[in-house]
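Model the full assembly from the supplied sequences, consistent with the hints where possible.
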Amino acid sequence: MRSGTRAVRTLPALRAAVLPGTCLVMAAPFLWMAATSLMGQLEVFSSRGVLPAAPLWSNYPEALTAQPFGRYFLNSLIFAVAVVAGQIVTATTAGYAFARIDFPGRQKVFMLFLATMMVPVVIVLIPRFLLIDALGWIDTYQGLISTELVSVWGIFLMRQYFRTLPRELEDAARVDGAGPFRVFLSVALPLAKPAVATLALFAFIDAWKNLLWPMLATRSMEMRVVEVGIAAFHSTYEINWPYQMAAGVVAVLPIALLFLFTQRYFVRGIQLEGIRR
Amino acid sequence: MRGRAALPVLAAVAFTAGTALTIAVAVRGLSDAQAAAARDVARMAAELWELAGGVDEAARAFLDDRVAIEAVPEGETRSGSGTHAYRTGSLQPAVRITVPPQPRMTPLPPAPTALALLGSLLMSAWAVARRRTPPAPRYPAIVALTATGLLGATAVTTHRWADSELEALSDGHATHALRAVEAALAIGADPERAVRVAGLPWATSAALTRPDQIWTMPRGVARALATVPNPPTASPFTVEASGATYHTGLVIPPTPAATTPSPALHLALLGYEETHAPTVPLAATATAATLLTALILCLLPLSTRPPLLRRTVTAWAFLAPAALLLAVFTFGPLLFSLWISLHEWHLVDPVHPFVGLDKYRNIILDTDWWAALRNTAIFTLHVPLAMAVALALALLTRGSRRAVRLARLALFLPGITSVVAIAVVWKWLLNDGYGPVNRLLESVGLGAVAWLTSPGIALVTLMGISVWMVVGYQMVVFQAGLAAIPRDWYDAARVDGAGAVQRFRHITLPGLRHTLFFVLVTSVIGSFQVFGLVYVMTEGGPLGATDVAVYHIYREAWEFLRFGNAAAMSWILFAVVFAATWLHFRLLERRTVRA
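Taken in sequence, the protein lines are chains A and B. To convert, note that position 213 of the first sequence is 213 in the working numbering; the numbers rise steadily by one, no gaps. To convert, note that position 543 of the second sequence is 543 in the working numbering; the numbers rise steadily by one, no gaps.
The hints are simulated quantities; they were obtained by calculation from the structure and are not laboratory data. These numbers come from a predicted model, not from an experiment. Backbone N, C-alpha and C fix where the C-beta goes; we use that ideal spot for every residue, glycine too. Among these hints, one or two may not hold up.
[Claimed, not checked] Calculated Cβ distances over 12 angstroms to all of chain A for the following chain B residues:
1. Ala129
2. Val280
3. Gly415
4. Leu446
5. Glu539
6. Ala567
7. Leu573
[Claimed, not checked] Covered stretches of chain B (chain A as the covering partner; in silico rule of three or more C-beta atoms under 8 angstroms from a C-beta of chain A):
8. 140-151
9. 354-362
10. 371-382
11. 391-397
12. 524-534
If you want it as structure tokens, here you go:
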């Protein structure tokens with residue numbers, strides 16, 4: 001239609017290159033990490049290329065046994081699973097109340113909850129630490145977990161989702177004589193499964209990535225989570241880069257695999273709320 | 001009908017239980033302090049007993065026959081309050097030295113008990129009267145005010161009572177400690193040992209000239225201090241009660257041989273009102289009781305409309321798990337942190353003197369803190385940059401949604417995976433001497449860059465990594481936003497002759513406004529809390545160039561253990577985040593609403 005300017009001719013080529021280029025930039029550090037993790041300890045300093053001369057697979061067992069990484073993984077898993085379970089309970093119940101039950105002060109209470117998303121976590125760390133300490137829960141699972149059991153973002157997400165559900169089914173159950181808890185458990189909650197899956201996914205990843213609180217709430221090596229373990233490993237094996245890269249690969253892998261199999265729930269999270277941090 | 005009458009009864013029960021519990025907490029705390037005091041006195045007696053070579057008279061002279069010393073049968077290790085089982089040589093307890101706790105002046109606090117009884121009577125009478133009155137609520141506000149007031153008054157008077165009792169206990173205890181030292185000296189112990197006999201939580205200062213200059217320390221440290229090369233050699237001992245702290249001033253007369261008078265060693269005994277005050281449990285109990293009573297009374301006006309009441313109760317039953325956890329682990333800690341920020345609060349120090357707004361004043365004058373805040377603000381500038389890049393990428397890849405789906409893992413991974421692992425990788429990639437990036441630059445003829453070790457560059461490097469972390473994710477978010485803009489609008493604009501820039505300006509931007517706004521607000525809030533990257537990659541360096549707010553607070557709290565400072569800084573950070581968010585809403589969201 002319009003005159004064939006240069007822009008029109010170069011744009012499609014540029015467009016075709018954008019996505020692969022972006023992916024390469026995004027993935028490069030991870031690929032580099034994987035490559036370095038297979039190099040010899042001295043090879044990393046001399047090697048001109050990116051790839052190892054001969055893959056040194058023994059780096060993995062050696063790095064992973066240098067510190068009790070199995071234990072770290074177990075701790076991370078326990079921590080993340082407990083946090084997911086707790087957040088599902090707190091977020092679905094509260095989200096349902098905010099979405100479906102019209103009670104006086106609902107808007108104000110909801111706003112109060114939302115306002116906590118603005119609060120920097122660092123402000124509550126000291127009181128939480130003192131509280132957990134007073135309970136004698138430092139260096140225990142309950143101390144690690146209990147502070148993370150509620151996520152206001154999760155409540156918001158569940159509220160949004162419950163609001164998109166049709167009320168008719170719930171009304172029908174109510175006519176059949178079901179009480180509010182029965183309606184919630186056997187009608188609303190099963191319908192909200194996709195949102196619950198999204199919530200579980202994000203809660204899991206957030207728990208897995210959490211560094212600051214596990215660092216404060218645990219002391220012994222036996223209670224460390226992966227994130228704290230890698231940080232400690234980093235300061236111990238400062239110059240042994242292949243070992244550190246191997247540990248890094250092992251830390252990244254579970255999340256990457258999890259993502260591969262649950263992509264659509266991520267996207268649902270985006271659709272539900274527009275954004276995620 | 002029954003349900004309606006139940007609320008006032010419930011309120012009365014909550015009030016009575018709340019006041020009773022508040023008083024019980026204080027009484028319990030006091031009993032604990034007394035038991036601890038008795039145990040300490042028993043320990044003093046035991047040490048005297050050992051010093052005197054196992055002679056009962058020393059301990060008995062010290063305690064005026066209040067002490068009971070009995071041999072312990074083999075195998076028995078039981079110990080109760082005010083008991084100190086003393087072992088000689090072997091692992092077997094040899095004697096048990098028992099001191100009964102000092103009897104309290106009043107078993108129950110008179111004023112709070114009277115207040116609690118009065119309140120409970122009033123509430124009960126009101127609850128009973130309510131059963132006969134018509135369903136319209138009567139004086140609920142007055143009742144609520146009275147109930148909260150009485151609960152508060154009970155808590156305050158109880159605390160005062162506990163404080164004065166603990167002070168009396170401290171007085172008695174300071175005297176005991178002093179007499180123990182004297183008794184030990186009389187037996188012939190050297191002063192170092194004698195001081196350690198009374199080894200309690202000591203407070204000390206090099207020169208106890210001003211009581212407000214005292215700094216306190218835990219028992220182990222104080223004990224080590226008692227062995228300083230200048231042991232106290234003689235009397236006089238004095239017990240000064242100066243406000244909160246009791247000083248046992250052990251003054252060493254200057255030795256004639258010394259050219260300069262050796263400094264006096266002052267030891268001060270911490271008052272129990274400082275170490276055992278049941279302030280926190282008392283406040284927590286009273287607050288919980290007040291909230292519960294107030295909540296029940298708030299429901300009262302709804303009692304004329306049973307469906308509404310039922311709905312409200314149901315809603316709060318659903319909210320209970322989240323609300324309770326938030327109250328305990330977020331709202332409570334917020335207030336607690338405000339409280340801490342008004343005190344000189346050190347992790348290992350049992351005493352937290354009130355300093356008012358001093359912390360805030362000092363922090364506002366602290367250039368390091370301002371530098372950290374400035375670094376955080378500069379770091380936050382990566383958010384608009386990342387958003388611009390992400391938007392450009394989203395526009396360029398528009399229409400190729402299937403390709404994006406395939407590329408998702410690469411796009412998302414930096415944002416969702418372990419921050420520490422990412423930080424370690426980048427630290428390796430960007431290493432000055434042998435990092436791959438610098439080697440690459442050198443091999444193409446460019447010079448190496450001190451990515452993380454040059455004060456001028458390090459923060460920019462961290463910003464770049466942050467952009468890398470968030471850009472893929474934001475791109476996908478923007479794509480979702482773009483897909484939601486109706487295609488017809490563009491077609492209509494094209495028909496009207498609008499160019500690409502105009503279409504972007506008048507259709508794309510307004511259509512994405514909501515998405516842009518929320519990405520901006522949440523990213524800025526998150527960016528103000530950056531920690532992991534700095535913690536692993538630069539530790540705030542070089543020369544404090546990457547010392548961001550949360551990292552600064554982290555070090556203040558967990559390296560220097562200055563909780564008061566850290567809490568005050570956190571509140572300032574909160575204020576900054578709040579102001580930034582409010583500005584965003586003010587400047588941007590209002591326009592969105594109008595648009």
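To see whether the hints hold, each was checked on the structure:
In this structure Ala129/B is separated from chain A by more than 12 angstroms, as the shortest Cβ-Cβ distance comes to about 26 angstroms. Non-interface status of Val280/B relative to chain A is broken: a Cβ of that chain comes within 12 angstroms, the nearest being about 8 angstroms off. The claim that Gly415/B lies off the interface is violated: its Cβ sits roughly 9 angstroms from the closest Cβ of chain A, which falls inside the 12 angstroms cut-off. The beta carbon of Leu446/B sits about 16 angstroms from the closest Cβ of chain A, which is more than 12 angstroms, so the claim that it is off the interface holds.
Residue placement check: Glu539/B does not keep its beta carbon more than 12 angstroms from all beta carbons of chain A (closest about 10 angstroms). In this structure Ala567/B is not separated from chain A by more than 12 angstroms, as the shortest Cβ-Cβ distance comes to only about 6 angstroms. With a minimum CB-CB distance of about 5 angstroms to chain A, Leu573/B fails to clear the 12 angstroms threshold, and the non-interface call is violated. Counting residues of the stretch 140-151 of chain B whose CB falls under 8 angstroms from any CB of chain A gives 0; the rule of at least 3 is not met.
Three residues within the 8 angstroms Cβ limit are the bar, and the stretch 354-362 of chain B against chain A gives 0, so the coverage statement is violated. Evaluation of the coverage hint for the stretch 371-382 of chain B: breached, as 0 residues show C-beta separations to chain A shorter than 8 angstroms, against a requirement of three. Coverage of the stretch 391-397 of chain B by chain A holds [criterion: at least 3 residues with CB-CB distance below 8 angstroms; count 3]. As drawn, the stretch 524-534 of chain B meets chain A at 6 residues by the rule of a beta-carbon pair under 8 angstroms; at three or more, the given contact holds.
Against the hints set out earlier in the document, violations occur for numbers 2, 3, 5, 6, 7, 8, 9, 10.
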